[in-house]
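Chains as they are written, first to last, in this note's numbering: chain A, 508 to 731; chain B, 508 to 731.
Misleading hints may appear alongside valid ones.
For each label pair, taking beta carbons as the anchor points, the in silico distance ranges come out as [said to hold, decoys possible]:
id, chain 1, residue 1, chain 2, residue 2, range
1, B, Thr602, A, Asp678, 29 to 35 Å
2, B, Gly525, A, Arg715, 52 to 58 Å
3, B, Glu541, A, Tyr690, 33 to 39 Å
4, A, Glu612, B, Asp722, 51 to 57 Å
5, B, Thr602, A, Arg689, 21 to 27 Å
6, A, Arg715, B, Glu529, 55 to 61 Å
7, A, Asp588, B, Ser515, 51 to 57 Å
8, A, Arg715, B, Ser724, 55 to 61 Å
9, B, Asp670, A, Asp678, 39 to 45 Å
10, B, Thr602, A, Gly676, 48 to 54 Å
11, B, Ser731, A, Glu685, 52 to 58 Å
12, A, Arg695, B, Gln540, 34 to 40 Å
13, A, Glu555, B, Asp678, 38 to 44 Å
14, B, Asp678, A, Leu721, 55 to 61 Å
What the hints contain is simulated information worked out from the structure, not anything from laboratory work.
Just so it is clear, CB atoms sit at the ideal spot from N, CA and C, and this is done for glycine as well.
Number of protein chains: 2
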Amino acid sequence: MINDEIRSLCDEVFPFWGHLSESDRENLMRSTQEVHFERGTNIHDGGECTGIIMIKSGSLRIYILSEDGKEITLYRLFAGDVCVLSASCVLNSITFDVFIDAEEESDCVIVGGCAFAELSERNPEVKIFALEAALVRFSDVMWVMQQILFMSLDKRLAIFLLDEISKRGGDTVRLTHEQIARYIGSAREVVTRMVKYFVSEGLVESSRGGIRVLDKSRLRRIAS
Amino acid sequence: MINDEIRSLCDEVFPFWGHLSESDRENLMRSTQEVHFERGTNIHDGGECTGIIMIKSGSLRIYILSEDGKEITLYRLFAGDVCVLSASCVLNSITFDVFIDAEEESDCVIVGGCAFAELSERNPEVKIFALEAALVRFSDVMWVMQQILFMSLDKRLAIFLLDEISKRGGDTVRLTHEQIARYIGSAREVVTRMVKYFVSEGLVESSRGGIRVLDKSRLRRIAS
Numbered sequence: 508m509i510n511d512e513i514r515s516l517c518d519e520v521f522p523f524w525g526h527l528s529e530s531d532r533e534n535l536m537r538s539t540q541e542v543h544f545e546r547g548t549n550i551h552d553g554g555e556c557t558g559i560i561m562i563k564s565g566s567l568r569i570y571i572l573s574e575d576g577k578e579i580t581l582y583r584l585f586a587g588d589v590c591v592l593s594a595s596c597v598l599n600s601i602t603f604d605v606f607i608d609a610e611e612e613s614d615c616v617i618v619g620g621c622a623f624a625e626l627s628e629r630n631p632e633v634k635i636f637a638l639e640a641a642l643v644r645f646s647d648v649m650w651v652m653q654q655i656l657f658m659s660l661d662k663r664l665a666i667f668l669l670d671e672i673s674k675r676g677g678d679t680v681r682l683t684h685e686q687i688a689r690y691i692g693s694a695r696e697v698v699t700r701m702v703k704y705f706v707s708e709g710l711v712e713s714s715r716g717g718i719r720v721l722d723k724s725r726l727r728r729i730a731s
Numbered sequence: 508m509i510n511d512e513i514r515s516l517c518d519e520v521f522p523f524w525g526h527l528s529e530s531d532r533e534n535l536m537r538s539t540q541e542v543h544f545e546r547g548t549n550i551h552d553g554g555e556c557t558g559i560i561m562i563k564s565g566s567l568r569i570y571i572l573s574e575d576g577k578e579i580t581l582y583r584l585f586a587g588d589v590c591v592l593s594a595s596c597v598l599n600s601i602t603f604d605v606f607i608d609a610e611e612e613s614d615c616v617i618v619g620g621c622a623f624a625e626l627s628e629r630n631p632e633v634k635i636f637a638l639e640a641a642l643v644r645f646s647d648v649m650w651v652m653q654q655i656l657f658m659s660l661d662k663r664l665a666i667f668l669l670d671e672i673s674k675r676g677g678d679t680v681r682l683t684h685e686q687i688a689r690y691i692g693s694a695r696e697v698v699t700r701m702v703k704y705f706v707s708e709g710l711v712e713s714s715r716g717g718i719r720v721l722d723k724s725r726l727r728r729i730a731s
């Protein structure tokens with residue numbers, strides 16, 4: 508990836524890129540490196556400031572880890588996404604540690620945390636970008652937390668999907684999210700989000716024709 | 508509370524107050540109201556934009572609520588604190604709903620969300636303040652999540668405190684947080700934070716002399 512390609516990725520990912528001075532852009536470029544990660548590589552493990560990670564291809568999984576090795580996936584990032592929780596030096600108000608693995612073979616461009624932090628202290632637009640990017644993840648995490656703690660919709664949706672395919676045969680539930688929401692007493696947006704989550708976990712496949720169950724046994728474990 | 512008092516509270520709570528134009532200050536003041544809440548009052552319940560809440564006295568509890576009425580306390584706010592999660596119109600990236608109750612009789616000053624949002628779109632310093640204030644709570648919530656999901660330190664500390672008082676008699680554990688951390692295999696900061704949490708829950712009282720157990724039966728429930 509030549510310099511021009513990194514520049515055009517920065518331009519795509521950072522809304523402030525076009526407003527920076529050329530010297531600020533060069534400064535960021537100097538602290539930027541391309542990294543290729545094999546599937547399963549740990550990219551970030553907690554406290555240190557790895558930097559701002561832009562994902563060119565592949566996917567990253569962001570999770571927390573207990574002392575005894577229990578993991579909880581908070582969210583995933585894909586091509587075009589940017590990860591700021593890996594840059595603790597940019598976000599002073601973030602005091603928790605996350606872990607990041609490459610879930611597939613991934614190509615990333617990492618902007619050094621120090622250079623980014625220095626710029627964000629001088630440039631409010633950069634600071635606002637970093638804060639907003641982190642805050643979006645707050646919503647993701649709250650969603651995971653509510654699902655896990657209140658044990659509600661994931662279980663209800665899993666039970667519903669298993670019931671449907673056992674009643675009607677085959678492996679596909681041919682209903683809209685709206686219809687499913689009505690059946691399980693929820694809202695369409697909530698069902699859509701949970702289906703998306705099931706898709707990302709490889710449990711189901713979603714298409715215009717409906718929801719196809721891919722992993723019945725894991726779905727059963729969620730339902731039980 | 509006369510206008511001057513509200514102004515001096517704003518000056519205390521908002522780091523940007525001194526940098527605003529007089530017309531911006533007057534505009535915020537016009538959308539500001541004092542509210543007194545009796546203990547137990549629900550102040551905010553989810554989606555609507557209640558506004559930015561400044562706490563003059565008392566305390567507020569911020570929690571999430573499941574469909575079947577299960578609550579999880581995320582954090583508490585006290586005199587001098589400011590609550591931004593109650594202003595969904597200011598923070599577009601926050602998509603989850605929190606509930607807020609007055610846990611004690613509380614005096615608050617509430618700045619209207621619309622006026623604040625409008626200002627924050629024009630003034631990066633105001634925007635950065637709101638985003639950072641929200642992001643600090645992300646860390647609080649992650650802490651709660653880790654404690655609950657990994658079922659670790661709250662349980663270990665409760666077991667330790669109960670063991671100690673049953674071994675030594677009385678109701679006070681005369682050890683430093685450092686010493687307790689070593690006994691239960693944790694770090695001093697982590698123990699300090701958990702003790703603070705136990706104090707806020709009315710389970711123990713903390714002083715220079717040690718930690719006094721106030722509610723043995725609830726502590727036993729945590730330990731079991």
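Structure-based check of each hint:
no. : hint                               : verdict
1   : Thr602(B) to Asp678(A): 29 to 35 Å : 32 Å, holds
2   : Gly525(B) to Arg715(A): 52 to 58 Å : 57 Å, holds
3   : Glu541(B) to Tyr690(A): 33 to 39 Å : 47 Å, violated
4   : Glu612(A) to Asp722(B): 51 to 57 Å : 53 Å, holds
5   : Thr602(B) to Arg689(A): 21 to 27 Å : 22 Å, holds
6   : Arg715(A) to Glu529(B): 55 to 61 Å : 58 Å, holds
7   : Asp588(A) to Ser515(B): 51 to 57 Å : 44 Å, violated
8   : Arg715(A) to Ser724(B): 55 to 61 Å : 56 Å, holds
9   : Asp670(B) to Asp678(A): 39 to 45 Å : 53 Å, violated
10  : Thr602(B) to Gly676(A): 48 to 54 Å : 38 Å, violated
11  : Ser731(B) to Glu685(A): 52 to 58 Å : 44 Å, violated
12  : Arg695(A) to Gln540(B): 34 to 40 Å : 36 Å, holds
13  : Glu555(A) to Asp678(B): 38 to 44 Å : 42 Å, holds
14  : Asp678(B) to Leu721(A): 55 to 61 Å : 56 Å, holds
Against the hints set out earlier in the document, violations occur for numbers 3, 7, 9, 10 and 11.
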